[in-house]
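**Student:** Keeping the supplied structure of chain A fixed, place chain B upon it in accordance with the hints.
Keeping their order, the protein sequence lines are chains A and B. Just so we're aligned, residue 1 is where the first sequence starts under the working numbering, counting upward by one. Just so we're aligned, residue 1 is where the second sequence starts under the working numbering, counting upward by one.
These are computed hints drawn from the structure, not numbers from a lab. Each residue gets a CB set at the ideal place from its N, CA and C atoms; glycine is no exception. Treat the hints with care, as some may be off.
As the list claims (entries may be wrong) - From chain B, some residues computed to sit far from chain A (all C-beta separations above 10 Å):
#, residue
1, L261
2, S297
3, G408
4, A490
Stated by the list, open to error - Derived list of chain B stretches under chain A, where covered just means 3 residues or more per stretch with a C-beta under 8 Å from a C-beta of chain A:
#, stretch
5, 165-173
6, 210-219
7, 454-467
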Amino acid sequence: MKHPLSARAWMHRDLGFAALLVALGGAGLLDVRFGDWRPGPGGGNALVPAVAYSVLLAAGCVIALGRLRPGWSPDAQRLHVPVGIVAGALLWGGAFFLAVRHVGIGVSTTVLIAGAIWALTPPVDRRPGLIAVIALCSGLAFWVVFTQLAPILVASPLLF
Amino acid sequence: MLEFLAEAAALAFTPQVMLFALIGLAIGVTVGAIPGLSGDMAIAILLPLVFVMDPVPALGLLVGIYKGSMFGGSIAAITFGVPGTAGAAATVIDGYQAKLNGQPNRALHTALYSSIIADTSSDLVLIFLALPLAAVALMFGPVEFFALYVVSLTLVAALTMGKVARGIAAAALGVLLAMIGRDPITGGLRLTFDIPALSGGIGLIPLLVGVFAVSEIIVQAGRAWMRRAERTVASIAADAEKSGYDVAGDRLDWRTFRSTLRATFVGAGMGTFIGALPGAGSSLAAFMSYGIAQRFSRRPQEFGRGSLEGVAAAEAGNSATSGSTFIPLFAFGIPGSATAALFGAALIMMGITPGPTMINDNMAIIYALFIMLIYANLFNFGISKLLLPLYSRLAMIQPHYVLPVVLGLAILGTYAASNSVKDVWLLLAAGLLGVGLRWFGVPLGPLVLGFIVGPGLEQSLRQALMLGRGDWMHLLQSPLAIGIYLGTLAILVVFGLVTRRRALHAKEA
Chain A
1 MKHPLSARAW
11 MHRDLGFAAL
21 LVALGGAGLL
31 DVRFGDWRPG
41 PGGGNALVPA
51 VAYSVLLAAG
61 CVIALGRLRP
71 GWSPDAQRLH
81 VPVGIVAGAL
91 LWGGAFFLAV
101 RHVGIGVSTT
111 VLIAGAIWAL
121 TPPVDRRPGL
131 IAVIALCSGL
141 AFWVVFTQLA
151 PILVASPLLF
Chain B
1 MLEFLAEAAA
11 LAFTPQVMLF
21 ALIGLAIGVT
31 VGAIPGLSGD
41 MAIAILLPLV
51 FVMDPVPALG
61 LLVGIYKGSM
71 FGGSIAAITF
81 GVPGTAGAAA
91 TVIDGYQAKL
101 NGQPNRALHT
111 ALYSSIIADT
121 SSDLVLIFLA
131 LPLAAVALMF
141 GPVEFFALYV
151 VSLTLVAALT
161 MGKVARGIAA
171 AALGVLLAMI
181 GRDPITGGLR
191 LTFDIPALSG
201 GIGLIPLLVG
211 VFAVSEIIVQ
221 AGRAWMRRAE
231 RTVASIAADA
241 EKSGYDVAGD
251 RLDWRTFRST
261 LRATFVGAGM
271 GTFIGALPGA
281 GSSLAAFMSY
291 GIAQRFSRRP
301 QEFGRGSLEG
311 VAAAEAGNSA
321 TSGSTFIPLF
331 AFGIPGSATA
341 ALFGAALIMM
351 GITPGPTMIN
361 DNMAIIYALF
371 IMLIYANLFN
381 FGISKLLLPL
391 YSRLAMIQPH
401 YVLPVVLGLA
411 ILGTYAASNS
421 VKDVWLLLAA
431 GLLGVGLRWF
441 GVPLGPLVLG
451 FIVGPGLEQS
461 LRQALMLGRG
471 DWMHLLQSPL
481 AIGIYLGTLA
491 ILVVFGLVTR
501 RRALHAKEA
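Chain A with its partners taken away, still in its complex shape (with noise of 0.2 Å):
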């Protein structure tokens, strides 16, 4: 969701994230300086990766220095997402993951993406009816695709 932003908040998101990559490209440098890196022909295997953390180093200080000016104003619009939103839809993910390999792909298709689908509709315009629809349909496209068509390994799950 994009919405106004306070210039001040902006400021710091971008601050956070310039000290971001100033942290990991320093960190990355001193790692490549003192780690345990092969030393090797044509500049060894940390050569690409030091040249990489230099660019963030660097790209993080531009970033910084770029926000600090006078006279910088932010964008109009920004990225927001909420973080419940985030963690569910990595849980979701990795429960329906979990649950193709134990129960079956037809039932926690069916189940999880009904779930999904209520979870996202606002309550005025839940239609059972069609989310049923569309997660019975989708169960029985997945079984189709993926024991038919493009068969995954699962172990003998509980269901189908």
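**Tutor:** Below, chain B without anything else, positioned relative to chain A:
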């Protein structure tokens, strides 16, 4: 040559391949028309299925999705004022205004015709330019290839409008991700943090699908959760129904269409040129075409008020990138855009390595691909002309009904490609990384390009340094490499001047 063409035609014109191209078009138009979904996302999710398909039908499917989504994006842009894809953002300016002026049919038909014309001309440029460029690339050594890799990464970052430092950081991050695992020259492990699962490196599919598709699904899920998109679409749709609409007066006649041809050709030329530059993208092409077409128009004052020329220029600029975006991939093995990266990944999965020898080594398949690029345009034209009145309804599909299905498909598709549990966790991690980068306003294209060209860049740099006995000046001793650097510098200067001039104009306005 004729022998290969006949073989390619025999491959491309089988009923199975044509059916897959049609299915791809249907999927492409649908995902392009639904705001939030995109052709790139669909291609990324279907990539694992390429494993179980023959190369030519698989390419037909991907080409269909790509072509369909290019036009699909303009349907939502014109009908609801919400660009279905990033490339259709410029189409909104005049397309939606034309619709509000009671000319949705004219605007949609103008978009369709200019899109097909520009797309086909761009494909022809690809067909006639890729082979000679690939022949030139055969003369390249490590120094020249290193120059090409550096230049493409620089261009991708520099042409990411207003986000140069972020683009460069993303490219460096992509290169670092590509370095995880075994060093190809010494065989030593690096950047694995003692995690055994990382010793094999990060796979292309989990990274591409995670960064492009999973992160977009999460962002769209957030949008659905907040209900903003629903309200927008619903209110716009309601407004459209309330206004009076004269069906008979909203037909695109030849005279009106002819008046948009100049803008179409401007867009086709500009889009083809910009599409061939790594990282420039269809959105930039569409906006630049729009601006230049306005300058060349006899009625520039109508731009922004529902001008069909504006629709034609934006749509032609957007679609004309579709063929030329493959030129760096086919000639040099360097994907210049996210779509080209996805096609490059698909080719790799089919056992075809993108690069200067790719066309010669796989003449029949690549020429079949060229034929499919052309006939997919004709299919798109025929089907879209027939189904245009129905297409607008596609944009009404609420994303929350589709997102869980797409995420499930991404997860199982990635697992199906390698049957590796590790890849599924990497996919979700890449999705989280994609969301994080978007949150910080970092473009994802340079990250993926850095990841794909990273190994080649490292190999060419280390080989060049070995040839030069460790002397970095050896990288500047090839006239071809110097030419590549100077050419890029010239492009950057021209783009810098044009962008500055546009910014000044905008300020004055």
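**Student:** Are the hints correct? Go through all of them and say.
**Tutor:** The hints, checked one at a time:
1. L261: 35 Å, holds
2. S297: Nearest chain A Cβ is 28 Å from S297 of chain B, so the label holds.
3. G408: Label violated. Min Cβ-Cβ 6 Å, cutoff 10 Å.
4. A490: Given a closest Cβ separation of 23 Å, the condition holds.
5. 165-173: Per the Cβ count (7), the hint holds.
6. 210-219: holds (count 4)
7. 454-467: holds (count 9)
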